[in-house]
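Q: All chains, please: the whole structure from these sequences, using the hints.
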Amino acid sequence: MLTRNDFPEGFVFGAATSAYQIEGTAKGGAGPTHWDSFAATPGNVVRGENGDRACDHYTRYPEDLDLVAAAGFDSYRFSTSWARVLPEGRGTPNPEGLDFYDRLIDAMLERGIKPAATLYHWELPQPLADLGGWRNGDMPNWFGEFADLIARRFGDRLWSTAPINEPWCVAWLSHFMGHHAPGMRDIRAAARAMHHVLLSHGTAIEVMRGHGMTNLGAVCNFEYALPADDTPEAAGAAARYDAIYNQFFLSGLFKGTYPDLVLEGLEPHLPQGWQDDFATIQAPLDWVGLNYYTCKRIAPAATPWPALQEVDGPLPKTQMGWEINPEGLAHFLKMVPQDYTGDLPLYVTENGMANPDVIIDGQIDDSARIAYLDQHFNKARLAIADGVPLKGYFVWSLLDNYEWSLGYEKRFGLVHVDFETLKRTPKASWHSLKSMLVTS
Numbered sequence: 300m301l302t303r304n305d306f307p308e309g310f311v312f313g314a315a316t317s318a319y320q321i322e323g324t325a326k327g328g329a330g331p332t333h334w335d336s337f338a339a340t341p342g343n344v345v346r347g348e349n350g351d352r353a354c355d356h357y358t359r360y361p362e363d364l365d366l367v368a369a370a371g372f373d374s375y376r377f378s379t380s381w382a383r384v385l386p387e388g389r390g391t392p393n394p395e396g397l398d399f400y401d402r403l404i405d406a407m408l409e410r411g412i413k414p415a416a417t418l419y420h421w422e423l424p425q426p427l428a429d430l431g432g433w434r435n436g437d438m439p440n441w442f443g444e445f446a447d448l449i450a451r452r453f454g455d456r457l458w459s460t461a462p463i464n465e466p467w468c469v470a471w472l473s474h475f476m477g478h479h480a481p482g483m484r485d486i487r488a489a490a491r492a493m494h495h496v497l498l499s500h501g502t503a504i505e506v507m508r509g510h511g512m513t514n515l516g517a518v519c520n521f522e523y524a525l526p527a528d529d530t531p532e533a534a535g536a537a538a539r540y541d542a543i544y545n546q547f548f549l550s551g552l553f554k555g556t557y558p559d560l561v562l563e564g565l566e567p568h569l570p571q572g573w574q575d576d577f578a579t580i581q582a583p584l585d586w587v588g589l590n591y592y593t594c595k596r597i598a599p600a601a602t603p604w605p606a607l608q609e610v611d612g613p614l615p616k617t618q619m620g621w622e623i624n625p626e627g628l629a630h631f632l633k634m635v636p637q638d639y640t641g642d643l644p645l646y647v648t649e650n651g652m653a654n655p656d657v658i659i660d661g662q663i664d665d666s667a668r669i670a671y672l673d674q675h676f677n678k679a680r681l682a683i684a685d686g687v688p689l690k691g692y693f694v695w696s697l698l699d700n701y702e703w704s705l706g707y708e709k710r711f712g713l714v715h716v717d718f719e720t721l722k723r724t725p726k727a728s729w730h731s732l733k734s735m736l737v738t739s
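If you count the sequence shown from 1, position 226 lands on 525 in the working numbering, and the numbers rise without skipping.
Treat the hints as calculated values from the structure; they're not laboratory data.
You may find that some hints are simply not true.
Said to hold, decoys possible - Below, a list of computed lysine-lysine pairs in the DSS-like style, where the Cα atoms sit at most 25 Å apart:
| id | residue 1 | residue 2 |
| --- | --- | --- |
| 1 | K413 | K690 |
| 2 | K733 | K722 |
| 3 | K633 | K678 |
| 4 | K633 | K690 |
What the hints assert, rightly or not - Derived Cβ-Cβ restraints for the label pairs, each shown as a range:
| id | residue 1 | residue 2 | range |
| --- | --- | --- | --- |
| 5 | D455 | A670 | 38 to 48 Å |
| 6 | A670 | E708 | 16 to 26 Å |
| 7 | A684 | D455 | 32 to 42 Å |
For glycine and all other residues, C-beta sits at the position ideal for the given N, C-alpha and C.
A: Quick look at the structure:
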């Protein structure tokens, strides 16, 4: 078993969550979000479940942060809810929401935990969604106003900040594939959302820099795209998938352009003047975060662009049906600095697995999760030995939580949550990480 001493001095270990998935939106004056509307539409979410109650982290955050500290984590990656802070998305802030994040951040600092903030983890205020949301060219201005409020209120106490979690999910998964709110399947909407997400990111970075904030980064998600077979057609489909998923956002952030394999499908649908926005999109960053879980097997499909489909793969799978492929993490830890970021510090900002965890005699044996994390930690350690500037690793997730369109049945947590009683029970994986991280 690895120990903290297998990683460089100062390497940051953390646990991650997001606001809508754990806080409970029914308390504290939060406004409605497009996730509430999406979940209220039959067929979108398993059992129609929503984030009204979630894990009631809004009330139970001291207990949850005690679990972060007791496991020996250095940092806690959390997100702010735009709709909790600004119920209308703009205009008058909600004092209860601001006070909650004051309490939460101060409670981290009191426990010696570095606050790692994400401004936006997918819960768009419904009044902005009503105006077109991420399709609307005014989104960067609205998001900049939100970033300004966060910076003025909390900026001096945040260890790190990223504007937007997983742009691919915010834009493509939600506007092209329709799996997440707002549930659209529209190539024009997707193209505009992809560009406006990046422009909003750059705008927020500039705003936060203007307030003197430091340690600002971007968090992108990655999936290892593997051709389903040895044919040139499968290789081409996998290359398109890789360009959309893994290259588009990094290319915008670090090269000031979009990949040709993506522009062949999206360029007609991008907003007018999109080429002029890269000066803002490329606002200098202090680090980049990689969220990695799985690989995908890609085959061609007889459809309009991008003319691809996912097919089942042979490796062992998690509760999500995702293949366990640590080689993908190794690939991205090499590719990202080699092709895009150079010497810029990197963090694994999410990695973990869903597992059908059950309590037996008061214990939760999630040995599969322990093995999963150990395999991925090993890839991180080897990457560091090869010179990759990896500075930290955040496990997803601290708690079992609301897994978006899959409701509450997929458990990613190091800590089990009974969604009837809300009782927290640390799993074997939590105890294993504590043994790894807490020095005697």
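Q: Find the hints from earlier in the document that the structure breaks and name them by number, from lowest to highest.
A: none
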